[in-house]
Amino acid sequence: MNIPCPTDDRLKQLISEAFDELPRAESVRLEKIGHRLGKLAGCRKPSRSKTQHWLFWLLFGASLTAAAWWGDEKLFTLISSAPVAPVHSPATEPAASNHSKPPASADKQYLDPKQPIEQQDSAVIYRREQY
Amino acid sequence: MDAAGLIKRFCRKGDQPAFNRFYRAQADRLWRFLCARGASPEHAYDLLSESFERFVKNICKNPAAPVAFLYRIAVNLHIDNHRREQARPADSNTEETEACSDPAQPADEREWVRRLVKKLPPDEQNLLLMRYWIGLTHREIAASTGLPEGTVRRQAAASLKKLRQNWPENE
Numbered sequence: 000m001n002i003p004c005p006t007d008d009r010l011k012q013l014i015s016e017a018f019d020e021l022p023r024a025e026s027v028r029l030e031k032i033g034h035r036l037g038k039l040a041g042c043r044k045p046s047r048s049k050t051q052h053w054l055f056w057l058l059f060g061a062s063l064t065a066a067a068w069w070g071d072e073k074l075f076t077l078i079s080s081a082p083v084a085p086v087h088s089p090a091t092e093p094a095a096s097n098h099s100k101p102p103a104s105a106d107k108q109y110l111d112p113k114q115p116i117e118q119q120d121s122a123v124i125y126r127r128e129q130y
Numbered sequence: 000m001d002a003a004g005l006i007k008r009f010c011r012k013g014d015q016p017a018f019n020r021f022y023r024a025q026a027d028r029l030w031r032f033l034c035a036r037g038a039s040p041e042h043a044y045d046l047l048s049e050s051f052e053r054f055v056k057n058i059c060k061n062p063a064a065p066v067a068f069l070y071r072i073a074v075n076l077h078i079d080n081h082r083r084e085q086a087r088p089a090d091s092n093t094e095e096t097e098a099c100s101d102p103a104q105p106a107d108e109r110e111w112v113r114r115l116v117k118k119l120p121p122d123e124q125n126l127l128l129m130r131y132w133i134g135l136t137h138r139e140i141a142a143s144t145g146l147p148e149g150t151v152r153r154q155a156a157a158s159l160k161k162l163r164q165n166w167p168e169n170e
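Heads up: the protein sequence lines correspond to chains A and B, in order. Residue numbering for the first sequence follows numbering that gives the first Met the number 0, starting at 0 and increasing by one per position. Residue numbering for the second sequence follows numbering that gives the first Met the number 0, starting at 0 and increasing by one per position.
Same shape as in the complex, but just chain A (with noise of 0.2 Å):
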């Protein structure tokens, strides 16, 4: 039998009628596992995608520092707020027999120019003078 030789684009075409040509599939079969397959598609969940990842996380961080300064501010407050203790150094501590006597207020008792000079140990660091 003599077929004469087909060009390359003809070869091309030749090679998907001649595949196309072959018998069909049962398309009740094929429903069959269609149907079996939408199923097993059915239980898959759907994935998010790298965009709402990338917007995850940026809310994520977002809350996260608004959070941190929130808390740092709220922290300075409370620590601004709270009463201070008066604090003593050893040297200025009155004697056990000076207790009887109801101590003076922190502020009175060091600007107090009656006080005896030897105090030199005091926790006042600068005190006006008096003329």
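Simulated from the structure, these hints should not be mistaken for laboratory data. Think of the CB as a built atom: it goes at the ideal place given N, C-alpha and C, for glycine as much as any other residue. There may be inaccurate statements among the hints.
What the hints assert, rightly or not - Cβ pair distances, simulated, as ranges:
#, chain 1, residue 1, chain 2, residue 2, range
1, B, His81, A, Ser26, 26 to 32 Å
2, B, Ala86, A, Leu58, 54 to 60 Å
3, B, Ala3, A, Pro22, 24 to 30 Å
4, B, Leu119, A, Pro22, 19 to 25 Å
Place chain B on chain A using the hints.
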């Protein structure tokens, strides 16, 4: 919407009708491809089913070229199965040879083409059918076979040349 679009919708939104449309568009051709590659009709249904199952489980990891991915799975399953068949006793292969046999004397050039393609090595058959029948691009075939795109292009040209050399006029 094209195959890649349907699969993207399926993966992102879990759109089952999109997957069903993809299946309806590809199933019959994949079955015929498996049959053309030497599977019996009955066995081609099994391979088709298993290929799509694996496809559903794995396609969303990289949904860029779904058709190439589907054919890659099918070809790999077919090769595995062919190896198992070869390991069995010889009489188990009779069904396949019956199912896909051509008439003894081809009547036209299409029959000649089918016959000549079947004479090629399996890799070249896959390549020619994927490229010129299924319509995959060289790049898609390269992605599905793991070969460089240039190699796929050269192999396709070489396989076409081989077909022309084996053409009955030249014998």
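Going down the list of hints, with the structure as the test:
1. B/His81 / A/Ser26: 26 to 32 Å: 27 Å, holds
2. B/Ala86 / A/Leu58: 54 to 60 Å: 57 Å, holds
3. B/Ala3 / A/Pro22: 24 to 30 Å: 29 Å, holds
4. B/Leu119 / A/Pro22: 19 to 25 Å: 22 Å, holds
Every hint from the earlier list agrees with this structure, and none is contradicted.
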